[in-house]
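Peer 1: Each chain, written out:
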Amino acid sequence: MRRLATTPRPDWREHVERDLGFAFHTINDAPYWDETACYVFTAAQVDELEAATGELEQMALELVDRVVRSGDEAYERLRIPPSARGAVEHSWTAGEKNLYGRFDLRYDGLGPPKMLEYNADTPTALFEAAVVQWDWLEATFPGRDQFNSLHEKLIEAWKNFGLGRTRVYFSAVKDHAEDTGTVDYLRDTAIQAGLHTAVIAIDDIGWDGMRFLDLEDQPIEALFKLYPWEWLVFEEFGQYLLSGVAKVIEPAWKMVLSNKAALALLWEMAPGHPNLLAAALEPGVIEGTVVRKPIFGREGANLQVIEGGRVIAETGGDYGAEGFVYQAHAPLPAFDGNYPVIGSWVVASQPAGIGIREDSTAITRDTSRFLPHVFE
Amino acid sequence: MKKSRTVRLVLLGSAGLMIAACDEAPPPDGRFFSTVAECAAVKGEAECEKAFAESKATFEAEAPKFDRKEQCEAEFGAGNCETRESGAGSFFMPMMMGYMLGNAFRQPVYRGPDNRAMVRSGGTSYSVGQFAGAGRAAAYQPAQATPVQRGGFGGTASSRPVSAGG
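So the sequence lines, in the order shown, correspond to chains Y and F. Under numbering that gives the first Met the number 0, the residues of the first sequence are numbered 0 to 375, in order. Under numbering that gives the first Met the number 0, the residues of the second sequence are numbered 0 to 165, in order.
The shape of chain F in the complex, shown without the other chains (with noise of 0.2 Å):
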C-alpha cells in the first residue's frame, strides 16, 4: 500500500481544539519571589507558604534529572546544575531559585543558560528575567523592555495580492 495507514489530526478539524490552550507563555502579573518571606510581604504568608510548596513539589517532580553533570550543564547552562542523592546514587538537577506567581498562575523559577531565570509552561520554557551572578544567592532582576521593532518581514507579500506559497 501506498497511502498512509491512518491520517489522524490533532489540531484541525473536529478534533481539536484541545491543544490551542498549551504553549501559553507566563502571564505579564507574574512576580517572582526567592522566598516566602519576600512573597509575604506582598501577597500575605498562607498565600506565599502554600505557592512556595506546590512550586517546590512541582520542581521536584518534573525538572529533568540527568546521570551526568554535563548533560544537565548542557541544557541548563555551566554551574546551574546542583548534586542530588538517591538511593540509588548521585543525580544532577537544575537550580530552582524561587517561584513566579500570577493570579492564577505558579510555577518554580529555575536558573537557565547565560543567566537567564526560567519557568517552565505547557511543556516548554520561557524566560522571566535574569539573575544577576552565579549561584544561589543571584539577584533576580525582570526581563528588561528592549524595544522590539516588528513588521520587518512580510512587506513583499503586502505589495502582491498573491499567496506566498507556489
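Chain Y extracted, bound-state conformation (with noise of 0.2 Å):
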C-alpha cells in the first residue's frame, strides 16, 4: 500500500461540477476532494479489505440478532431508549433490508484491517466513493481498476426493497450541501432502479394523526432518511416514525449498531477477532493507550486519548452525555505525513468498494480530504 502523487486534471473543479453535479469538492475554501495524490493497493490487500469488511458486516448482524433476544438489558447498554425498542425488534423479526453502510478501517496493507469504527445508519462520502473517484479513474489510470463498485451495487439493491409502485421520499437537513448532495445521489440510483421520488426536508414532514405528508399533503409511505435514529426517536414526531406507519431506510434496528457502544458488545462476542479492536464500557478494562469516545459522538468530537490514565491528547465539542466506549488506540499509519482512514462500504450487506479519507493529523474530521485510489 502506497501513497502516489499524481496531477490532477486540468480544469477538474469544472468538471465535476458541471457533468457530475458534485458541489462540495471544497469545503469552507479549504480543499475536500483531492486528486494531488491517490492511494495504491495491491490486488491481495483488496482481497484482504473485502474479506475484512465482510466479516465484519456478518458479526454486525450477529450482534443485532443477539440484542434482540437479549432484549432490555442488552438495549440499555446501547442507550437506546424503551419507546424506541419494540420498533428495534420488529423491523429486525420483520427482515426489514437496509441499504448501506460505511466501515472505518485502520489499514497500513501489513495486517489485518482494524475496524475503528461502523456507521451504520448515516453514512456520506458517498458520492464520492461511488462516482468522483470513479470518474476520477477513468480519466486517470483507465484501464486501471478500483475497489469500488458501489454505482452498480446500488441501483440493484434498490430493486430488491420489494417498493413497486410506493413512492420512496428523500429526506435531509436542508441547506446542508453534503448531506442534500448525498441524498440526491441517492435518489438517482434509486430512480434508476425504476423506484418512483421525492425530496423533502426533514423539518418539511408533516403529520395529520394518521400519516405523514409531504408538502402537498399527499402521505408519505416510504422515506430515506439521512438523519440520525438517535435524533429522530426524541423529537416530536419521533413516536409516529416508531409505530410503523411508514416504512423507513435504514430500517429500526441499524440503530443496535449506529452508535459507539456496539464496538464493545462486537468484543464481547468475539474477543480477540483480528479485525476488531479491543473495547470496553467501563474505563481501566482495556490495557494500554486508549481513546474514549462519546458513544453518540460524530466527525471526531470529544474523543481523549489517554496512556497510564493520563489525557494525552483531546478534542473539543458538545458530545459525551450519554457515555463513552473505551477501545485500544490503534494509530493511524502515516503516508508522507497524511493518515488514511479506509471507509469500506457494505451495499444490501455485501461488500461494495472504499474511499479513503487522510488528514494531516490522526483524528479524522470532516474537513479531512478525500484521495481515490487504484489497484494493481
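A couple of the hints might just be wrong.
Claimed, not checked - Pairs of lysine-lysine residues, derived as DSS-like cross-links and limited to a Cα-Cα distance of at most 25 Å, are as follows: (1) K96(Y) x K246(Y); (2) K42(F) x K158(Y); (3) K113(Y) x K1(F); (4) K96(Y) x K158(Y); (5) K55(F) x K42(F); (6) K49(F) x K158(Y); (7) K49(F) x K68(F); (8) K246(Y) x K158(Y); (9) K246(Y) x K173(Y).
Claimed, not checked - Over the 12 Å line for every Cβ pair with chain F, so calculated as not near, a few chain Y residues: (10) W91; (11) I201; (12) E234; (13) L331.
The set of hints was computed from the structure by calculation and includes no laboratory data. Heads up, the beta-carbon is just placed ideally off N, CA and C, and yes, glycines get one too.
Build the complex: two chains, separate frames, hints provided.
Peer 2: Pasting the structure below:
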C-alpha cells in the first residue's frame, strides 16, 4: 500500500461541478476532494479489505440478532430508549432490508484491517466513493481497477426492497450541501432502479394524526432519511415514525449498530477477532493506550487519548452526555505525513468498495480530504 | 474487475434536469367531475366533452389490467375493480369514476383503497379526495383540510452546527 502523487486534471473543478453535479469538492475554502495524490493497493490487499468487511458485517448482523433476543439489558447498554425497542425488534424480526453502511478501518497493508467505527445509519462520503473517484479513475488511469462497484450495487439493492409503485421520499436537513448532495445521489440510483421518488426536507415532513405528509399533503409511505435515528426518536414526530406507519430506510434495527457502544458488545461477542479493536463500556478494562469516544459522537468530537491514566490528547465538542466507549488505541499509519482512514462500504450487507479520507493529523474530521485509489 | 462497469447519472450533473419535471402532484386548481353534464355547468360543454374523451382514452390505455380480480383488488381495494371482456377472455381493471380538470391538467380519477379518489401523474398515484360509499354512484368529496403539523423532525440538527451524516 502506498501513496502516489498524481497530477490533478486540468479544470477538474469545472468538470465535477458541471458533469457530476459535485458541488462540495471544496468546503469553507479548503480542499475536500483531493486529486494531487492517490493510494495504490495490491490485489491481495483489496481482497483482504473485502474479506474483512464482509466478516465485520456478518458479525454486526449477528450482534443485532443477539441484542434483539436479549432484550432490555442489551438495549440499556446500547442506550436505546424504551420507546424505540419495539420498533427495533419488529423491524429485525420482519426482515426489513437495509441499504448501506460504512466501516471505518485502520489499514496499512501490512496487518489485518482493524475496525475503528461503523457508521451504520447515516454514512456520508458516498458520492465521492461511488462516482467521483470512478470518474477520476477513467480519466487518470483508464483500464486500471478500483475497489468500487458502489454505484451498480446501489441500483441493484433498490430493486430488491419490494417497494413496487410506492414513492420513496428522500429526506435530509435543508441547506447542508454535503447531506443534500448525498441524498440527491441516492435518489438518482433509486430512479435508475425504476422507483418512484420525491424529496422533502426533514423539517417539512407533516403529520395529520394518521400519516406523514409531504408539502402537497400527499402521504409519505416510504422514507429514506439521512438523519440519525438517535435524534429522531427524541423529536416530536419520533413516536409516529416508531409506530411503523411508514417504511424507513435505514430500518429501525440499525439503531443497534449506529452507536459506539456496539463496539464494546462486538468485542464481547468476538474477543480477539483480528479485525476488531478491544473495546469496553467502562474505563480501566482495556490495557494500554485507550481512546475514549462519546457513544453518540460525530466527526472526531470529544475524543480523549488516555495513556497510563493521563489524557495525552483530546478534541473539543458537545458530545458525551450518553456516556463513552473505551477502545484500544490503534494509531493511524502515516503516508508522507498524511493519515488515511479506509471507509469500507457495504451495500445490502455485501462489501461494495472503499473510499479513503486522510488528514494531516491523526484524528479524522469532517474537514479531512477524500483521495481516490487504484489497485494493481 | 472490482469497479462498476458504468456509472451514469440521471438526476445530477449534466444528465439531468429531465427528471425534475416528473413526480408532480395535481395542481390545486383541479376540479373533479363525474360526468360531462356536471362539468359543462362550470366550463362549457365542448371543453368538457373533449376532456372526458381524453381522460377516458388515457384511462383505457394506461390503467393496469389484471388477469385475476384478487390482483386488481389487492392494489385498488375490495369492490373497486370491474370485469371487462376481450377476445382473449375476461380481465379486471380499476373503476374510473370521472376526471379531474385544471387549467393545464386533465386526468381520469379512479377508486382506490379506503374509498379514496386517485389520480395518476408522472407515474405515481395521488389522492385527490374521497368517495362516499361504494360503487359507481358514490359522491365525490374533496380532500379535507385536516390540520397538518410540520417541523416535528429536524430540531436536533438545528441545535447543532454539524452534518446529520457521518
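Peer 1: Work down the list of hints and note, for each, if the structure agrees.
Peer 2: Here's how the hints hold up against the structure:
Straight-line distance between C-alpha atoms of K96(Y) and K246(Y) comes to about 10 Å, which keeps the hinted pair within the 25 Å bound. In summary, the hint linking K42(F) to K158(Y) is not supported, as the alpha carbons are separated by about 44 Å, beyond the 25 Å threshold. Simply put, K113(Y) and K1(F) have alpha-carbon atoms about 22 Å apart, close enough for the 25 Å limit, and the pair holds. Taken as a hint, the K96(Y) and K158(Y) pair is honoured in the structure, with Cα atoms around 11 Å apart against an allowance of 25 Å.
Taken as a hint, the K55(F) and K42(F) pair is honoured in the structure, with Cα atoms around 18 Å apart against an allowance of 25 Å. Between the alpha carbons of K49(F) and K158(Y) the distance comes to roughly 39 Å, so the proposed pair goes past 25 Å and is violated. For the hint pairing K49(F) with K68(F), the CA-to-CA distance comes to about 31 Å; that exceeds 25 Å, so the pair is violated. Between K246(Y) and K158(Y), the direct Cα distance comes to roughly 15 Å. Compliance with the 25 Å bound is thereby established for this hinted pair.
Under the criterion of a C-alpha separation no larger than 25 Å, the hint pairing K246(Y) with K173(Y) is consistent with the structure, at around 22 Å. Residue-level check passed: W91(Y) sits 22 Å from the nearest beta carbon of chain F, beyond 12 Å. At roughly 4 Å, the least C-beta separation between I201(Y) and chain F is not larger than 12 Å, which violates its mark as non-interface. A cut-off of 12 Å between C-beta atoms contradicts the statement that E234(Y) is not in contact with chain F; the least separation is 5 Å.
Under the 12 Å C-beta cut-off, the non-interface status given to L331(Y) relative to chain F holds; the minimum distance is some 18 Å.
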